[in-house]
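Student: In the order they appear, the protein sequences are chains A and X. Counting the first sequence from 1 gives a position; the numbering used here is that position plus 1493. Counting the second sequence from 1 gives a position; the numbering used here is that position plus 1493.
Please note: incorrect hints may appear among the correct ones.
Note that the list lumps identical chains together, so a pair holds whenever it fits in one copy or between two copies.
[What the hints assert, rightly or not] Calculated lysine-lysine pairs in the BS3-like style (CA-CA distance at most 27 Å, straight line):
#1 Lys1513 <-> Lys1810
#2 Lys1542 <-> Lys1513
#3 Lys1713 <-> Lys1702
#4 Lys1714 <-> Lys1684
#5 Lys1702 <-> Lys1542
#6 Lys1702 <-> Lys1831
For the record, the hints were derived by calculation from the structure and aren't laboratory data. Because the structure is a prediction, the values reported are computed rather than measured.
Single-letter residue listing:
Protein chains: 2
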Amino acid sequence: MALIVQKYGGTSVADIDRIKAVAMRAVETAKQGNKVIVVVSAMSGETDKLTAFAHDITGRPDEREMDMLLSSGERVTSSLMAMAIMELGYGSISLTGRQVGIITDSSHTKAMIESIGSDRLKEALDENKIPVVAGFQGINELSDVTTLGRGGSDTTAVAIAAALNADICEIYTDVEGVYTADPRLVPDTRKMERISYDEMLEMASLGAKVLHERAVEFAKKYNVPLVVRSSFNNAPGTLVTKEDGDMEKSVVTGVAHNKNQARITIMGIPDRPGIAAAIFDDIAKANLNVDMIVQNISVSDNATDLSFTVSKAESEKALEITQKVSDKLNAKGVDMNKDVAKVSIVGVGMQSHFGVAAQMFDVLSKNGINIMMISTSEIKVSCVIDVGQVDAAVQALHDSFELAKQ
Amino acid sequence: MALIVQKYGGTSVADIDRIKAVAMRAVETAKQGNKVIVVVSAMSGETDKLTAFAHDITGRPDEREMDMLLSSGERVTSSLMAMAIMELGYGSISLTGRQVGIITDSSHTKAMIESIGSDRLKEALDENKIPVVAGFQGINELSDVTTLGRGGSDTTAVAIAAALNADICEIYTDVEGVYTADPRLVPDTRKMERISYDEMLEMASLGAKVLHERAVEFAKKYNVPLVVRSSFNNAPGTLVTKEDGDMEKSVVTGVAHNKNQARITIMGIPDRPGIAAAIFDDIAKANLNVDMIVQNISVSDNATDLSFTVSKAESEKALEITQKVSDKLNAKGVDMNKDVAKVSIVGVGMQSHFGVAAQMFDVLSKNGINIMMISTSEIKVSCVIDVGQVDAAVQALHDSFELAKQ
Chain A
1494 MALIVQKYGG
1504 TSVADIDRIK
1514 AVAMRAVETA
1524 KQGNKVIVVV
1534 SAMSGETDKL
1544 TAFAHDITGR
1554 PDEREMDMLL
1564 SSGERVTSSL
1574 MAMAIMELGY
1584 GSISLTGRQV
1594 GIITDSSHTK
1604 AMIESIGSDR
1614 LKEALDENKI
1624 PVVAGFQGIN
1634 ELSDVTTLGR
1644 GGSDTTAVAI
1654 AAALNADICE
1664 IYTDVEGVYT
1674 ADPRLVPDTR
1684 KMERISYDEM
1694 LEMASLGAKV
1704 LHERAVEFAK
1714 KYNVPLVVRS
1724 SFNNAPGTLV
1734 TKEDGDMEKS
1744 VVTGVAHNKN
1754 QARITIMGIP
1764 DRPGIAAAIF
1774 DDIAKANLNV
1784 DMIVQNISVS
1794 DNATDLSFTV
1804 SKAESEKALE
1814 ITQKVSDKLN
1824 AKGVDMNKDV
1834 AKVSIVGVGM
1844 QSHFGVAAQM
1854 FDVLSKNGIN
1864 IMMISTSEIK
1874 VSCVIDVGQV
1884 DAAVQALHDS
1894 FELAKQ
Chain X
1494 MALIVQKYGG
1504 TSVADIDRIK
1514 AVAMRAVETA
1524 KQGNKVIVVV
1534 SAMSGETDKL
1544 TAFAHDITGR
1554 PDEREMDMLL
1564 SSGERVTSSL
1574 MAMAIMELGY
1584 GSISLTGRQV
1594 GIITDSSHTK
1604 AMIESIGSDR
1614 LKEALDENKI
1624 PVVAGFQGIN
1634 ELSDVTTLGR
1644 GGSDTTAVAI
1654 AAALNADICE
1664 IYTDVEGVYT
1674 ADPRLVPDTR
1684 KMERISYDEM
1694 LEMASLGAKV
1704 LHERAVEFAK
1714 KYNVPLVVRS
1724 SFNNAPGTLV
1734 TKEDGDMEKS
1744 VVTGVAHNKN
1754 QARITIMGIP
1764 DRPGIAAAIF
1774 DDIAKANLNV
1784 DMIVQNISVS
1794 DNATDLSFTV
1804 SKAESEKALE
1814 ITQKVSDKLN
1824 AKGVDMNKDV
1834 AKVSIVGVGM
1844 QSHFGVAAQM
1854 FDVLSKNGIN
1864 IMMISTSEIK
1874 VSCVIDVGQV
1884 DAAVQALHDS
1894 FELAKQ
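Looking at chain A on its own, in the form it has when it is part of the complex (with noise of 0.2 Å):
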């Protein structure tokens, strides 16, 4: 008998005929002889709803009543899931975050877990319930209801999963699986059967949206075997796990890319020590997420210019944060670029393969592709372009890395 996590996205929960089917898996897991717990998004459309909500009521809607709103959604489906698992003869509770015991910081809207309880889960999977957890929200200590972000959800799933030692914890969406690059760009395409923690890490970050990167850290660190899946239909998904002998030793396993991306860059900067620190440290302070990071350095007139990336969403406030920056240290202006997009080649066999970032450059120089920024870790390089030359850099690196092929 194992204990499975399933946690279903928002279009697997868009309507009661889809909750109604996503019941009856749960259900078919238990009969199986499994004990089950679902964890829960809002369903499709609504987050975007609410959202829509708060943004006729106010430019810059105050954070906590963000996640008050938000984590509405999650509550609904939740119950009416209980409702229909009970409707199939099963028993079921809808637990919210709070009920489950997860607790957060105080970052309204991107809070972090601190920590989660299982005594409510424990008594209901006792009592041969299905359990269904609200995702995406936690409360703080002062008792106010936090969010965990977009994908907050299968964050929470991975944390229960892990406060209870989970033998799995299944990712399901409208998609497959993980893919070699976006099926939408490239039509030969693969679905892998595995893939390590650290390369679903850098897909993730990297902007392919089938896995949410928080909760891919979190599985990697209490080693929570994760399978990304379709509701829709029975095909066996992707497995993320540790690296270990049996997975693919391709040199590069996919290709990510990101269009939510905008470059901003402070020119001429009076080059001294502790710039970039006092440019970031005000960004962070304003809970911004900053991507990339490229300084340049100037040696004829003994300025520098820096350029970093954030999300298309934060970057006007990431613009007026910047600018004051630029005067305290009389930098000669800002610029930003909001039709940028980043592309990634993505694989554990890198670190012991000279030459990948190479052969990448030089696929996007022959397709006249030109490099805005460069980044690289042990496992990926990225590159920021122009955002209308992305499709054409996904397929001619699935290409040039030959991914369509096992």
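Following the hints, put chain X in place on chain A, whose structure we already have.
Tutor: Structure of chain X alone, referenced to chain A:
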């Protein structure tokens, strides 16, 4: 400086424009030097939408899950309202039933408030904020979400006003106050300036939907002055307060009616002590509210008929239970009639006037209206009649007791 609790119903917060208008009213009240607490219902239509979802899943939704589901509606309004108030430059914070410390019993879908905290509300008021409380909800001792039943937001508002010793509790709705009869039925109906708790209690329980019965009971018990008024204009509304010398001394204050009724009759019950107890014990255990009860003694065959009314929504469940009780008691059978309604006259003056009931029966008779059941209290007389004759009955009674005149 007064402490004012303002409760806004579903139509008053039906969309974003309405929410902004209500926020402005709350801020205006605060700027006039008052402390203001806002209590909100779900946006109109939301509760019905969620209820329809549940009924698409199951014929008999679990009540704990219904509470989890429906309580989300008020949370949405409370956070949006807090944002709208902040957008006007005033401090605000949304608070759930739990965060306000509303502890209830465990009668899901119709829970009773057992205690109520004031720490977070006082803290918010001390910080010059307008707290916005999600109405209709609390938690029980298991920390599960409960709801107070339809109209429960009125109860939340009055309970908070009582706990904080507020100067007044304003109930904002889409009508301008309490009328001598339903304006949709009686063209020359008149808005009352004042009405006593007891009269309002009878009006509310008799189907005048403007205020929830339990809220009025609560207000009476803790002597909280209520004002019923419209959020769509600045008309003064109706004050609901304790009876005093200034109170209008008319014999009959208003005519109420309730079309949401069903009559159940058990026929031919062997006449022996304990019959009524046997029947209503089982019905009470099922948490059903019985309204009128009439038992007719039949001398001829040593058997009795017993009739009672319940709301249409609970009638099928009540019928099922009554059928079982009927079998157990060897009664002749059970009959249900859903085409009935109740029409009532209310007034504190009745206590010192004879012939009021007789005048009512006479008016109905002269209008060809057959009376099926009669029930009286010190300040009201109710008759169950055919639902098709309600409109005529209300108009005739309004005329006969000259309610259009001040």
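Student: Now look at each hint and say whether the structure bears it out.
Tutor: Each hint, compared with the structure:
no., hint, in the structure
1, Lys1513 <-> Lys1810, "between (42 Å within a copy, 25 Å between copies)"
2, Lys1542 <-> Lys1513, "both (23 Å within a copy, 17 Å between copies)"
3, Lys1713 <-> Lys1702, "within (18 Å within a copy, 57 Å between copies)"
4, Lys1714 <-> Lys1684, "within (25 Å within a copy, 67 Å between copies)"
5, Lys1702 <-> Lys1542, "within (21 Å within a copy, 31 Å between copies)"
6, Lys1702 <-> Lys1831, "within (20 Å within a copy, 55 Å between copies)"
The structure shown violates none of the earlier numbered hints.
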